[in-house]
Amino acid sequence: MVTWPGTPFLKSSKKHQASTTRMDINSQQLLQRTVFFPSGDKYTGEWLDNKKHGRGTQVWNKSGAVYSGEWKRGRPDGHGTYSVLLQEAKVYAKKYCGEWKNGRKHGYGTNVYSNSALYEGVWSEDQRAGWGKMNYENGDVYEGEWMKDKHHGHGIIRYANGNWYEGGWREGKKHGKGKVYYPDKGQLYEGLWVDGDAKCGTFCDFGREKAATPTKYPIPQVKHFKLWFKRVICSLKHRCELEYVYSLKLQLLDAQSVLQEASSAMRVGAGQEEQQQHVFPSSCEG
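If you count the sequence shown from 1, position 95 lands on 79 in our numbering, and the numbers rise without skipping.
There may be inaccurate statements among the hints.
[What the hints assert, rightly or not] Dumping the calculated EDC-like pairs for lysine to aspartate or glutamate here, alpha-carbon to alpha-carbon at most 16 Å:
1) K56 x E72
2) K85 x D110
3) K117 x D133
4) K134 x D168
5) K163 x D181
6) K46 x D61
7) K85 x D61
8) K169 x D189
9) K169 x D181
10) K134 x E104
11) K132 x D110
12) K85 x E54
13) K132 x E155
14) K79 x E104
15) K134 x E155
16) K157 x D124
17) K35 x E72
18) K194 x D168
19) K169 x D133
20) K163 x D189
[As the list claims (entries may be wrong)] The calculated label-pair distances, taken between Cβ atoms and stated as ranges, are:
21) D124 x K35: 39 to 45 Å
22) G180 x Y97: 47 to 53 Å
23) D179 x G123: 21 to 27 Å
Derived from the structure by calculation, the hints contain no laboratory data.
Note that beta-carbon positions come from the ideal geometry of N, C-alpha and C, so glycine has one too.
Produce the entire structure from the sequences given, and follow the hints as far as they go.
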């Protein structure tokens, strides 16, 4: 700029903003930016009010983990995928793909624990909760209800050996009414469980004709009143109730004997009546 003698220096009226101020303004708007952190981490995506917000990808330098998906106020929120770096193969493997809330797994998603262990279902605050299916490393498969990362509610577990259980669960243990199927033996056990232990129940043949290695002899049929009595005895807890049932059993046995006597008496009476029918006509002929 050229100045003439006696003329004051004129400053430009255009204001130049510092680069840090421009970055501040940009980060307060929903804009796409790549930011490097002192730790070596890197984030590429949208920002709002100086926080990750919208769609973006975060790479953690130390662990090599990557999250790509939706963000809200600086945390994963919405749908996203979390992957880890396999150091030997130098490739990324997905660990979780699904819904997030406030930085935690929440909603429907799939989590890979290993090559043979996988869970697909509902999550609540980083824990399995609701309906889901879990494939375990040993070959077992559970499908049913969960609560706080444990089987809870109604569910079916199919064991690697072919047997399977269907029924109630509580805090990861069989609890309540349930059934265990033994396809190789052609048998079914139905009963009551408490904290993982079978307390009482009954065995019966089930699909015996299709079983690979059925038992030598089929399970004999049990009379209805005996089966009923056994189930009642199993469920009783108090002595007075037990005494009542014993008396009830005696009454049933007495009733059975009375019925047998009545039946035999009827047969005898019927026989006598038949004989009389043959005698009377012959006596009337004369």
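Sort out which numbered hints this structure fails and list those numbers smallest first.
When the structure is compared with the hints, numbers 1, 4, 6, 9, 17, 19, 22 turn out to be violated.
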